[in-house]
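Engineer: As given, the protein sequences belong to chains A, B and C, one line each in that order. Sequential numbering of the first sequence, starting at 1, is according to the UniProt record's numbering. Sequential numbering of the second sequence, starting at 1, is according to the UniProt record's numbering. Sequential numbering of the third sequence, starting at 1, is according to the UniProt record's numbering.
Since the hints were derived computationally from the structure, they do not count as laboratory data. Certain hints may be false.
What follows is a set of in silico ranges between Cβ atoms, one per label pair, in the way DEER data are often shown [unchecked claim]:
| id | chain 1 | residue 1 | chain 2 | residue 2 | range |
| --- | --- | --- | --- | --- | --- |
| 1 | B | Leu-80 | C | Val-67 | 37 to 43 Å |
| 2 | C | Gln-162 | B | Ser-207 | 39 to 45 Å |
| 3 | C | Pro-89 | A | Leu-326 | 31 to 37 Å |
| 4 | B | Ile-38 | C | Glu-158 | 56 to 62 Å |
| 5 | A | Met-1 | B | Ser-73 | 33 to 39 Å |
| 6 | C | Gln-162 | A | Thr-83 | 56 to 62 Å |
| 7 | A | Ser-54 | B | Ser-312 | 46 to 52 Å |
| 8 | A | Thr-83 | B | Arg-116 | 47 to 53 Å |
| 9 | B | Pro-89 | A | Leu-326 | 58 to 64 Å |
| 10 | B | Ser-73 | C | Val-315 | 54 to 60 Å |
| 11 | C | Gly-38 | A | Leu-326 | 43 to 49 Å |
| 12 | C | Val-67 | B | Val-241 | 45 to 51 Å |
Some, not all, of what chain A presents toward chain C, calculated at C-beta under 7 Å [said to hold, decoys possible]:
| id | residue |
| --- | --- |
| 13 | Arg-123 |
| 14 | Pro-170 |
| 15 | Leu-228 |
| 16 | Asp-231 |
| 17 | His-250 |
| 18 | Asn-254 |
| 19 | Arg-332 |
Where is the CB? At the ideal position from N, CA and C, for every residue including glycine.
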Amino acid sequence: MLRFIVRRTLQLIPTLGGLSILLFIWLQRLPGGPEYALLPDDATEEQRAQLRRSLGLEEPLTVQYVRFLRNILQGDLGTSLQTGRPVVEEFFTRFPATFELALTAILIAVTVGIPLGYLAARRRGGVLDFAAVGGSLIGICTPVFFLAFLLKVVFAERLGVFPSAFRLSPGLNRTDLSGFVVLDGLRTGELDVVWDALMHLALPGLALASIPLAVIVRMTRASVLEVLDEDYVRTANAKGLQRRTVRGRHVLRNAMLPVVTAIGLLTGSLFAGAVLTESVFAFPGVGSFVYAATQTRDYPVLTGFILLIATMYVLINLLVDISYSLLDPRVRAQ
Amino acid sequence: MPTTPNAQNPAEDAQDPGAGAPEGSGGTSLLTRKADRIDRLAELMGPRDDGSGGAGIWLTAFRRLRRSPMAISGAVVVALFVLVALFAPLIAPYSATAQTWGGEVFPNQNIFVGPRAENWLGLDNLGRDQFSRMVIGARQTLLVGVVATLVGFGAGALLGGTAGAAATLGGRWGALIDNVIMRVIDMMLALPTLLLAVTVAALVGPSLTTVMLAVGIAQVPIFARLLRGAMISQGNRDYVVAARALGVRRHKIALTHILPNSLGPVIVQSTLTLATAIIDAAALSYLGLGNPDPSFPEWGTMLADAQRFLSSAPQLAVYPALAIIVTALGFTLLGEAMREALDPKLRK
Amino acid sequence: MGSSTPLLAVEELSVVFDGRGSGEVRAVDGVSFTLEEGRVTGLVGESGCGKSVTSLALMGLLPPRGVRVGGSAVLRTGDTEADLLRLSPKKMRDLRGSQLAMIFQDPLSSLNPVVPIGRQVTEILTRHRGLRGSAAEKEAADLLYRVGIPDPKRRLKEYPHQLSGGMRQRALIAMAVACRPRVMIADEPTTALDVTIQAQILELLKDLVTEEGTALLMITHDLGVVAGLCDDINVLYAGRAVETAPREPLFADPTHPYTVGLLGSIPRLDAPRGEPLTPIRGSVNDNIAWNDGCAFAPRCDHYTLDCLQGPPRLVRSETGDAHAHRCVNPVRHADVVDRAVLESPSVVGDEEERA
Numbered sequence: 001m002l003r004f005i006v007r008r009t010l011q012l013i014p015t016l017g018g019l020s021i022l023l024f025i026w027l028q029r030l031p032g033g034p035e036y037a038l039l040p041d042d043a044t045e046e047q048r049a050q051l052r053r054s055l056g057l058e059e060p061l062t063v064q065y066v067r068f069l070r071n072i073l074q075g076d077l078g079t080s081l082q083t084g085r086p087v088v089e090e091f092f093t094r095f096p097a098t099f100e101l102a103l104t105a106i107l108i109a110v111t112v113g114i115p116l117g118y119l120a121a122r123r124r125g126g127v128l129d130f131a132a133v134g135g136s137l138i139g140i141c142t143p144v145f146f147l148a149f150l151l152k153v154v155f156a157e158r159l160g161v162f163p164s165a166f167r168l169s170p171g172l173n174r175t176d177l178s179g180f181v182v183l184d185g186l187r188t189g190e191l192d193v194v195w196d197a198l199m200h201l202a203l204p205g206l207a208l209a210s211i212p213l214a215v216i217v218r219m220t221r222a223s224v225l226e227v228l229d230e231d232y233v234r235t236a237n238a239k240g241l242q243r244r245t246v247r248g249r250h251v252l253r254n255a256m257l258p259v260v261t262a263i264g265l266l267t268g269s270l271f272a273g274a275v276l277t278e279s280v281f282a283f284p285g286v287g288s289f290v291y292a293a294t295q296t297r298d299y300p301v302l303t304g305f306i307l308l309i310a311t312m313y314v315l316i317n318l319l320v321d322i323s324y325s326l327l328d329p330r331v332r333a334q
Numbered sequence: 001m002p003t004t005p006n007a008q009n010p011a012e013d014a015q016d017p018g019a020g021a022p023e024g025s026g027g028t029s030l031l032t033r034k035a036d037r038i039d040r041l042a043e044l045m046g047p048r049d050d051g052s053g054g055a056g057i058w059l060t061a062f063r064r065l066r067r068s069p070m071a072i073s074g075a076v077v078v079a080l081f082v083l084v085a086l087f088a089p090l091i092a093p094y095s096a097t098a099q100t101w102g103g104e105v106f107p108n109q110n111i112f113v114g115p116r117a118e119n120w121l122g123l124d125n126l127g128r129d130q131f132s133r134m135v136i137g138a139r140q141t142l143l144v145g146v147v148a149t150l151v152g153f154g155a156g157a158l159l160g161g162t163a164g165a166a167a168t169l170g171g172r173w174g175a176l177i178d179n180v181i182m183r184v185i186d187m188m189l190a191l192p193t194l195l196l197a198v199t200v201a202a203l204v205g206p207s208l209t210t211v212m213l214a215v216g217i218a219q220v221p222i223f224a225r226l227l228r229g230a231m232i233s234q235g236n237r238d239y240v241v242a243a244r245a246l247g248v249r250r251h252k253i254a255l256t257h258i259l260p261n262s263l264g265p266v267i268v269q270s271t272l273t274l275a276t277a278i279i280d281a282a283a284l285s286y287l288g289l290g291n292p293d294p295s296f297p298e299w300g301t302m303l304a305d306a307q308r309f310l311s312s313a314p315q316l317a318v319y320p321a322l323a324i325i326v327t328a329l330g331f332t333l334l335g336e337a338m339r340e341a342l343d344p345k346l347r348k
Numbered sequence: 001m002g003s004s005t006p007l008l009a010v011e012e013l014s015v016v017f018d019g020r021g022s023g024e025v026r027a028v029d030g031v032s033f034t035l036e037e038g039r040v041t042g043l044v045g046e047s048g049c050g051k052s053v054t055s056l057a058l059m060g061l062l063p064p065r066g067v068r069v070g071g072s073a074v075l076r077t078g079d080t081e082a083d084l085l086r087l088s089p090k091k092m093r094d095l096r097g098s099q100l101a102m103i104f105q106d107p108l109s110s111l112n113p114v115v116p117i118g119r120q121v122t123e124i125l126t127r128h129r130g131l132r133g134s135a136a137e138k139e140a141a142d143l144l145y146r147v148g149i150p151d152p153k154r155r156l157k158e159y160p161h162q163l164s165g166g167m168r169q170r171a172l173i174a175m176a177v178a179c180r181p182r183v184m185i186a187d188e189p190t191t192a193l194d195v196t197i198q199a200q201i202l203e204l205l206k207d208l209v210t211e212e213g214t215a216l217l218m219i220t221h222d223l224g225v226v227a228g229l230c231d232d233i234n235v236l237y238a239g240r241a242v243e244t245a246p247r248e249p250l251f252a253d254p255t256h257p258y259t260v261g262l263l264g265s266i267p268r269l270d271a272p273r274g275e276p277l278t279p280i281r282g283s284v285n286d287n288i289a290w291n292d293g294c295a296f297a298p299r300c301d302h303y304t305l306d307c308l309q310g311p312p313r314l315v316r317s318e319t320g321d322a323h324a325h326r327c328v329n330p331v332r333h334a335d336v337v338d339r340a341v342l343e344s345p346s347v348v349g350d351e352e353e354r355a
């Protein structure tokens, strides 16, 4: 098991290394070069020349790349053009909000999607199946930002059931421990804060969950249908096991394997979706910050975000691989 | 159970039924009796639908598609969409760009014009005919979808095909090539579609080309992985082993045996990608990376622009949003139905 | 077949699948046979003749929708009788595993890949015998040992992919015999195994039948298995039994042309060198509806116009009480006839033309 983890971790190195090269080339190729990208449009020619020297752009590419890599490894992703603060710092303060949002979305998608997909498969051809498949197809085909706007207009602005923006209601008194609002609230016992935060998470969480939810429903359904046809399910029935044993131990456990992988692959699109959703709900996370960066061409922030997402994606998929190998003994053996 | 080669046609077999009849009576009576027997047998066996014999997987798949309501509704939507896009200038009653009714719409005072006899879908925020914009927009949207899919298909198939061919037939060097390509693909997979698109947009600047390229490139790893996977699974089949044993050249095996048999899932994916491309293009437009030229309306841009007026004039957003959803749904339904029709597990 | 009342009496079993669009398919079309304690009954036939569907119908494992099952299958337990085809799903669930057990064809796909072998054995002990924890584990180890798996304690913790094909089939048999069932159905249990392993598994099944007095229904297309194991044999064709006999008369004196053909297709070591095999021509798909005549007629070398006049009935053969065939023009003294007739039908046919 340990060897498996170590091997998988080592396999990450070429992926991340290659990614850094891609990013480096990208920065080189920015319109007019980094000195245009890193300085405001009205900077003078002199300022640009000075920046070129200070950035070491006259040196050979290999030297530049090594420095680029060293900076990344030391946690230096440059300075945001919007705020003038280091990108890493900006991300650090905003990350907890995005994490809570992404977690909410995944929780919604998993807790609703898996039972729904399972029931749809069990009652194949029924009304529920039709609704689940149809609904998930529509979910996949709806642009996330439009859904977010729709939810906001209907539930926040027209019905007023949920707040329409931000993480917390203004003026709410809370003790800040870590930036994770819900967690802090639970630790300090400020349940009003927890409730308020959850209410704020509901709509953006739902919007962000739409695509993972649709994917998980369809995936679970297809997977369960396939497993129901397997010989070992017939064996389990031939042994006269109780229905719930057959369903839990023999059907669901095997059917979950591809779903687990799918959840891992979804995390990438989840963070991209966060950019759209957060901007709609003015949710103060990394996503809305990056949305602002795309509007102002804040390249250091964009670079940093790509690096952050790629790293998250790779790490989450490592976790998925490990949990997969715990679930499926055949993978471990290889 | 061994079968004779001419077992395909039982009626023919019966012409030569052997000396079963123990009653070895006279010539003519035996002959008529024999003919009776054969006729009766042929009659009882009836017209035989030898569906399993001649029809290839594509033909069977097509037959299944014709019966699937999913495929039919998908095909109808897609056909409608393509027709509107092709004949857009003929269908659109007004110019899509002229602000003909500019004097009637005041967004800052919340004055909008809804559907009326003159303008079937009302006016947009600048006093242009919404219906005409929707129709012309279909053409742009189709263009984005098709070009993006072609980019993704082309580059992905090239990468995946090379990797797949190298992995199945290339020996040790092939494995290396496959490995390198797959690492690159993994890297691309680690970048979410939208950010990949933002990256491309940053390189080229916002334009329709950017959107098409960006969305297309984002699909490359999916196509590549699919084709490679299908080729490797085909490459392990016995017929490939047989072809190699017969000394057929490797590139010939790859091109004439493995590749054609691996294209099914890739073609299905192209249909699904057309839907994804249209949705992703809308998201890019929302991020401000879409076509900045307002003279070419595109559903994504229209939807992104209309978000500002969502509470006061929701119809401006709802039309393009519905159009995107329905079109994407059409392509998805068609693609899913094709996938089911081609799935050997579901084929009887 | 025996004077005592049978343990399981299957009468006129029929299974019809409602095909979607393509009309219904009669997979099993009136099959009758009996199972008796300590005896092995064989169901023999080509793939597609309805063998497996028969076994699934008896186990109540056919899909709940789109299938119609007819006839009866009366299981006698003590003084009570129960028709397996009419029991409620819940009652059947109680019977399966405890009174009725089944061994499947492909041991790898029939075992759950992500659950340890031990768990798959103990779960049936828990369900039907109420054994839990270490007691169940000890019993599971005993079972594995009984079916010939060495080092059972270690094997309990292993997963199916870690076992060899023969071991997997032994594990499946262990699960089948875990609750000492009265009736055991084995559906081609040796097809997926190596020849040497096949013999071991058959030996094991034989021992279990003699020791426990279980009635075994053996489903196979392999006449070698039949010859070695079965006491009574039913030859199935297109969903109906075409010949029923105890082992000796069937092999010594087959009467139905299909049985003769099956026997003729086996390579024989004692046959003269260079003698060609005599396969049955065509495939199981070349048939006609039983209502119109004998379904085997299109492939039969003996058929006459009489064969095409309505369904042939099952008639007693002249070789013995227990021997019956469904044929209007049965083969007599096959061993003489089949070689001569089947050797080269076309040549003989030409002679007929000339005559």
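Engineer: To test your reading of the hints: which numbers does this structure violate?
Structural biologist: The structure conflicts with hints 2, 5, 12, 13, 14, 15 and 19, although it agrees with all the remaining ones.
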